[in-house]
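Protein chains: 2
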Amino acid sequence: MITTSLDHQTKTVDFSRSLKHVPHFSKAESLVLNLIRKEQALSRMDLVELTDFSRSKVSGCINSLQNKEFVIERGVSNNTGGRRSVLFSLNGDKGLLFGADIGATSLDLIITDLNGMQLWRYAESITIKDGPIKTLDRINNLFETHLDEEGLTNKPILAFGVGVPGPVDFKRGMVVSPPIMPGWDRFPIIEYLHKRFPDAIIAVDNDVNIMALGETVQGNGVGEENIIFVKIGTGIGAGITCEGKIYRGTCGCAGDIGHICVDKAGPLCPCGNLGCLEVVAGGAAIAEKAMQAVLDGKSSILKKYYDENNQIITAIDIGNAAKEGDEISIEIIRESGELIGSVLASLVNFYNPSMVVIAGGVSKIGNILLSSIRQSILRRSLPLATKDLKIVFSKIPDDAGVFGAVNLGLDLLLSNEMRKSKIFSQ
Amino acid sequence: MITTSLDHQTKTVDFSRSLKHVPHFSKAESLVLNLIRKEQALSRMDLVELTDFSRSKVSGCINSLQNKEFVIERGVSNNTGGRRSVLFSLNGDKGLLFGADIGATSLDLIITDLNGMQLWRYAESITIKDGPIKTLDRINNLFETHLDEEGLTNKPILAFGVGVPGPVDFKRGMVVSPPIMPGWDRFPIIEYLHKRFPDAIIAVDNDVNIMALGETVQGNGVGEENIIFVKIGTGIGAGITCEGKIYRGTCGCAGDIGHICVDKAGPLCPCGNLGCLEVVAGGAAIAEKAMQAVLDGKSSILKKYYDENNQIITAIDIGNAAKEGDEISIEIIRESGELIGSVLASLVNFYNPSMVVIAGGVSKIGNILLSSIRQSILRRSLPLATKDLKIVFSKIPDDAGVFGAVNLGLDLLLSNEMRKSKIFSQ
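For the protein sequence lines, the chains are A and B, in the order given.
Heads up, the first sequence is in my numbering, so the first residue is 923 and it goes up one at a time.
Heads up, the second sequence is in my numbering, so the first residue is 923 and it goes up one at a time.
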């Protein structure tokens, strides 16, 4: 129980005093900014219609946002018949947005301008077990080195969104009792990054939540109201959107589907329960079955990949073996797809989403996995719930995380919320 | 699949032309109305703070709403130190709100004023299988007779909310392929009621959704952001709230948890699948097990109730028998509680609600059922998801439905939405 162990000294960092490039926005300005962000270019009349504000209130907001240099004129509309109106966009030149997607063994970084235009994209292998200081220092150094090289050090960094592979107490911006992140428990990530980038709004969330956000803003989820985004890797987790926004639940841990029981007599999960979905159907279970098939001499095709790859078998190998007709691989994939689909069928009945998105390393197995999951969902969900349900792979499997991280920071930057974040020092 | 069979002739009833007592509200007015509804009495300054509108905009809204007779002055605030301010409330005298909760075998009706003050409450047994015309005529006659008797016929009926025990296509306001409502499939409920009450806003929703709404507005759910409201009767269904509002999902069928599989080799459900939760753990399964125990001579305590009640055993009887120490009854209740709890554990991991509410006829079994459900949820959910989770019975088990129905109508009445509803004639 984290309540009893959260007796750390607390202090509040008031970002507003130090964020010289980030002004306070009124609720009305925040609404206007987010509408412009979504539609990319809007006229004053568009905004009057979308906000129900008076013309003078919209003009006041636009003037204020132009003074704050967050909004600029961007051409005129081509109305047929009527007067041509000036269009407004976010000011891409205002500053930079940073996004970091920290995985268990991978690091993905991105820099964009305020309009979301990609300026830099970078990926490398890391080990989350190196702990927060080594990992965050590496991230900070990578960003700073790039800014130096590109001569961008004079550009303000407006917002910095971070995804981490563990449960996040979103309001406090820290990881809580993460199973695979030794040394990160309650580490003050925001405070640590804030020292290095004192002028940026900083936000931290769970990696699957930011992937769901990225998919919603720039992937298959665009225009979808309610999605369940499923990341199948070693673990299995879900990000949920409700009316297009990340749904985090009451304690910030919504979407933790990896520990739903699928077999009461199944193997022991590190969480202490038996037969959790991720221990029965996740990447480790798939890899173990494939490895066993090789060791038992049951699959010559898998053996071939095993020998070629220095005695390692990847999800892509198992997918390829299945495509080559390897029955053991097909069976392994179907078993996992069936189990994952049976859990998703329950969740589809409960949540009635418009879309289920499948992503994560294991999804690289390919269409055999997707079709097993789909069949399992369709067989066990109610017809009304699956009538218009789309079940798809991520459109941006490698970028959903970093796109989401940038948008997480941008959400907070353009919001009307107080520029404060409680930081727990250890 | 309902898409292929929905080739009915469609027409649109434009409520706005005929609703002489229901004006159009601007977005700002709708916001102000709903804030006053929630807080019951607010000053202009309270509203400035809550809306971020200017003082003149708030005053403009209040003036307009006073002219429309939806808002009245209601005393002054007792601010300490500062000036006393005029408080505004909804105008209870403006007109009446009707609520009807139609169950499979029960009918609950309510009339309130615009402030939600209860003016009349009525319940009787019905049979939903009598079909829509007989049932709706009965409801209309009961309302009209009461209005006549009380001399209320001169009061306008502003809104009429209806709950029905089947899946509802909320946008169209009709029941779709209901399993236990013969004759109701796609019957134009709104259009039919509209003929009798042409001046009222009319809304129809699933019975569990309106119960969840009622619980949120007036029961244990007050102040709870995300609840799962579970009705355990012959069937099992759930109503979900997200940030205090009913979450209906993409097709309006969210919360249909009765057909989640709990036993792949279980008994056949009328839906065509095996081992659905409601066929294994619902009221019919419990009653059947209890009846079998009596016929097998295994429970003298249950036999006593059976003989006293004309060979019928109710949920209350089984609860009482368990309290008297009847082991068979305790076992039957525990089995159901365990199964329902195991499904809820999955949903708690997924949705991370702040509260699970248990209601419906079977909940009258009492605390033994609640504690089995609670134990099962706590055993299988993640600690972070159950840290602050409340698992409780409904505070208003007999009234959640009608309270919800009234509030459903009121939601639409005070909204800024177009006063239109597509009606499908058959």
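Because the hints were derived from the structure by calculation, they are not lab data.
Owing to the predicted nature of the structure, the values given are computational and were not obtained by experimental measurement.
Any given hint could be a false lead.
Copies of one chain are not kept apart here, so a pair can be met inside one copy or by any two copies together.
[Said to hold, decoys possible] Below, a list of computed lysine-lysine pairs in the DSS-like style, where the Cα atoms sit at most 27 Å apart: (1) K1056 / K1286; (2) K979 / K1117; (3) K949 / K1220; (4) K979 / K1220; (5) K1167 / K1211; (6) K1186 / K1309; (7) K990 / K960; (8) K1056 / K1186; (9) K949 / K1016; (10) K1167 / K1312; (11) K1051 / K1077; (12) K1186 / K1167; (13) K1225 / K1051; (14) K1211 / K960; (15) K1167 / K1317; (16) K1226 / K1117; (17) K1245 / K979; (18) K1312 / K1093; (19) K1167 / K1051; (20) K1286 / K1226; (21) K1167 / K1117; (22) K1056 / K1077; (23) K1245 / K1056; (24) K949 / K1309; (25) K1226 / K1309.
Now for the hints, and whether the structure bears them out:
In this homomeric assembly, K1056 and K1286 never come within 27 Å of each other (Cα to Cα): the closest approach is 30 Å inside a single copy and 57 Å across copies. Within a single copy, K979 and K1117 get their C-alpha atoms no closer than 38 Å, and across copies no closer than 42 Å, so neither meets the 27 Å cut-off. Taking CA atoms no more than 27 Å apart as the test, K949 paired with K1220 passes in neither setting, with 64 Å inside one copy and 67 Å between copies. Taking the closest pair of Cα atoms, K979 and K1220 never come within 27 Å of each other, the shortest separation being 72 Å inside a single copy and 76 Å across copies.
Taking the closest pair of Cα atoms, K1167 and K1211 never come within 27 Å of each other, the shortest separation being 38 Å inside a single copy and 45 Å across copies. For the homomeric pair K1186 and K1309, the shortest alpha-carbon distance between copies (23 Å) is at most 27 Å, but the shortest distance inside one copy (31 Å) is not. When the C-alpha separation of K990 and K960 is checked against a cutoff of 27 Å, the pair qualifies only within one copy, where the shortest distance is 19 Å, while the shortest distance between copies is 36 Å. Taking identical chains as interchangeable, the C-alpha atoms of K1056 and K1186 are never at most 27 Å apart, the minima being 40 Å within one chain and 48 Å between chains.
For the identical chains of this complex, K949 and K1016 are intra-copy neighbours only, at 21 Å inside a copy versus 32 Å across copies, given an alpha-carbon limit of 27 Å. Within a single copy, K1167 and K1312 get their C-alpha atoms as close as 18 Å, and across copies as close as 25 Å, so both meet the 27 Å cut-off. In this assembly of identical chains, the alpha carbons of K1051 and K1077 never lie at most 27 Å apart, being 33 Å within a copy and 70 Å across copies at closest. Taking the closest pair of Cα atoms, K1186 and K1167 never come within 27 Å of each other, the shortest separation being 34 Å inside a single copy and 35 Å across copies.
Proximity of K1225 and K1051 under a CA criterion of 27 Å is satisfied in neither setting, with 31 Å inside one chain copy and 63 Å between copies. In this assembly of identical chains, K1211 and K960 lie within 27 Å of each other by CA distance neither inside one copy nor across copies; the values are 45 Å within and 57 Å between. Proximity of K1167 to K1317 under the C-alpha cut-off of 27 Å is restricted to the intra-copy arrangement: shortest distance 18 Å within a copy versus 31 Å between copies. For the identical chains of this complex, K1226 and K1117 are neighbours neither inside a copy (51 Å) nor across copies (74 Å), given an alpha-carbon limit of 27 Å.
Proximity of K1245 to K979 under the C-alpha cut-off of 27 Å is found in neither arrangement, the shortest distances being 61 Å within a copy and 65 Å between copies. Only between protomers do K1312 and K1093 lie at most 27 Å apart by alpha-carbon distance; the minimum there is 20 Å, versus 32 Å within a single protomer. Taking identical chains as interchangeable, the C-alpha atoms of K1167 and K1051 are never at most 27 Å apart, the minima being 31 Å within one chain and 41 Å between chains. In this assembly of identical chains, K1286 and K1226 lie within 27 Å of each other by CA distance solely inside one copy; the values are 19 Å within and 63 Å between copies.
In this homomeric assembly, K1167 and K1117 never come within 27 Å of each other (Cα to Cα): the closest approach is 30 Å inside a single copy and 40 Å across copies. Taking the shortest alpha-carbon separations for K1056 and K1077, only the intra-copy value of 26 Å comes in at or below 27 Å, while the best inter-copy value is 72 Å. Within a single copy, K1245 and K1056 get their C-alpha atoms no closer than 41 Å, and across copies no closer than 60 Å, so neither meets the 27 Å cut-off. In the homo-oligomer, the alpha carbons of K949 and K1309 never lie at most 27 Å apart, since the shortest distance is 38 Å inside one protomer and 33 Å across protomers.
Taking the closest pair of Cα atoms, K1226 and K1309 never come within 27 Å of each other, the shortest separation being 42 Å inside a single copy and 49 Å across copies.
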